[in-house]
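Engineer: Protein sequence lines, in the order shown, are assigned to chains B and Z.
Those letters in the first sequence? Residues 33 to 467, per my numbering, in order.
Those letters in the second sequence? Residues 24 to 117, per my numbering, in order.
Careful, some of the hints might be misleading.
To be verified - Stretch by stretch, here's where chain B covers chain Z in the computed footprint (C-beta under 8 Å, at least three residues):
#1 35-43
#2 57-64
What the hints assert, rightly or not - Here chain Z is said to cover these stretches of chain B; the calculated rule only asks that three of the stretch's residues, wherever they fall, bring their Cβ under 8 Å from a Cβ of chain Z:
#3 303-314
#4 346-360
#5 449-463
What the hints assert, rightly or not - Below, a list of computed lysine to any residue pairs in the SDA-like style, where the Cα atoms sit at most 20 Å apart:
#6 LYS401/B <-> ARG71/Z
#7 LYS401/B <-> ALA58/Z
#8 LYS89/Z <-> TYR465/B
#9 LYS401/B <-> GLN66/Z
#10 LYS401/B <-> GLY298/B
#11 LYS401/B <-> LYS89/Z
#12 LYS115/B <-> ALA100/Z
#13 LYS380/B <-> LYS401/B
#14 LYS115/B <-> VAL95/Z
#15 LYS89/Z <-> GLY298/B
#16 LYS89/Z <-> PHE463/B
#17 LYS401/B <-> THR61/Z
It is worth saying that the hints were derived from the structure and are not from the lab.
Backbone N, C-alpha and C fix where the C-beta goes; we use that ideal spot for every residue, glycine too.
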Amino acid sequence: MTPVPKSQPIPSSAERVSSGRYSGWRLFLEGVTGQRGWSHAWTKAAPRPRYRVVIVGGGGHGLATAYYLAAEYGISDVAVLEKGPVGLGNVGRNTTIIRSNYFLPDNVRFYEYSLKLWERLERTLNFNVMVSQRGTLNLFHTEAQRDLYTRRANMMRLLGVDAKALSRAAVKALVPLVDLDNGRYPVLGGFLQPRGGTVRHDAVAWGYARAASAAGVDIIEHCEVTGIGRDGRRVTGVDTTRGQIAADTVCLAVAGHSSQLAAMAGLTLPIETHVLQAFVSEAIKPVLDVVVTYGAGHFYVSQSDKGGLVFGGAIDGYNTYGQRGTLPIAQEVAMEAMTLMPGLARVKVLRQWGGVMDMSMDGSPIISKTPLDGLILNAGWCYGGFKAIPAGGMTTAHLIARDLAHPLAAHLDLERFAAGRTVDERGAGPFPYAH
Amino acid sequence: MLRIRCPWCGERDETEFRYRGDANLSRPAADAGLAAFTAYTYQRDNPRGWHLEWWLHVGGCRQLLKIVRHTVSHEIASVGRPEDQLPLPKEPGR
């Protein structure tokens, strides 16, 4: 556990900081008065002995759940417990892509709801999370793949979601970097979701933390949960490195470590933990203004506003809690980049990192009650948790506040595995390393 | 890069192998009931530490291997044949 830094005294919950409303006018005003009016964006709260709701995990889903509980469902007696500082887990380790191009109708509806929440998130949170709907383009390389993508795009359009087929010429016009005529995997065309895109991931954590804090939620950093208290089949609270905290409801939002936390309550989950790597190149001039995914392997790339190419590929493929990633996948990703965009050959990779994720048994997340009363699960996000943050937060808050699954997330319950209604988008079966 | 000492082929790169999951599971008896089969099919201990797992030497002898590997350091404590009983090390590992 990281010790609490001594240089920064932590104000008690009573001294709640307010960073005021952010606006263009405020920016101007601060600019001419020496930038002295800014304060911390959220209160560094100390834990109280009891809360109505304790959320374990101050990542995207935990913070969003807390925010929507306070703002949409009127429950602000909420604490978010984070082991380290906010924003250093998977919410700061992903490749920032948002999209709703799924095939299964329940998934399309859920991720489309998320995309709609992203589209107005800046107004909702009064925070510039830099939502950029630059489009996500999926390339296909065989006729069978074209048919598969067409089927998915048709399903999306039936459900009112945008999807557009692009010819080879249209792909080339949109992304000149793509080598259409690769000898082994020529590009035959692509499908574009124009409303897909990217979001500044750090800002999502900060924006939700600030808005939740302003709505009365205690955000408690450097507070690691070491045990989950039980009274028979009822969860009573958590033991932490900063003392015991009692709660009516405990929500686990610790993707990557859900199995570890659930084990503290005596539960075994349909989850394996795997690592996914991501890479950023040195900053180069603007060359790519859409998100592109390669269809003949597992590779996706976008260009950040700073100019770095942000890209990644498949998971390493075996259980691990090591947040680093290994070289065989790095090599594979580099080979795929070269196959798709040979023009990038001399661009240098600046940084590489790994994030550990809950790979669920059917490749879909879990937003659910558990066999224990008062224990709620937000888990199993595989490598798609970032885009789902707004919808995941809203539907988890709904489940906590109403004690009833949100209609858009009812299919994501834990019971589905025993009941035989798994949500297997890829049809890969109960093998997490295959999703 | 893991280096895996295959009992049949000797030490090889991890790229020759494919991970095949938790090797602690055993198929329940046919009449064991839904809960037992659900656990066998879907539930995993997913430990942070030593893990007994299956690997397939797909780019070599195509034999199934049992491996004890640490899920944080990736250190491999032992490699065996499918019928071998491989105990987990007592020490927590790096």
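Engineer: Among all the numbered hints in the text so far, which are the ones the structure does not match?
Structural biologist: Those not satisfied are hints 6, 11, 12, 13 and 15.
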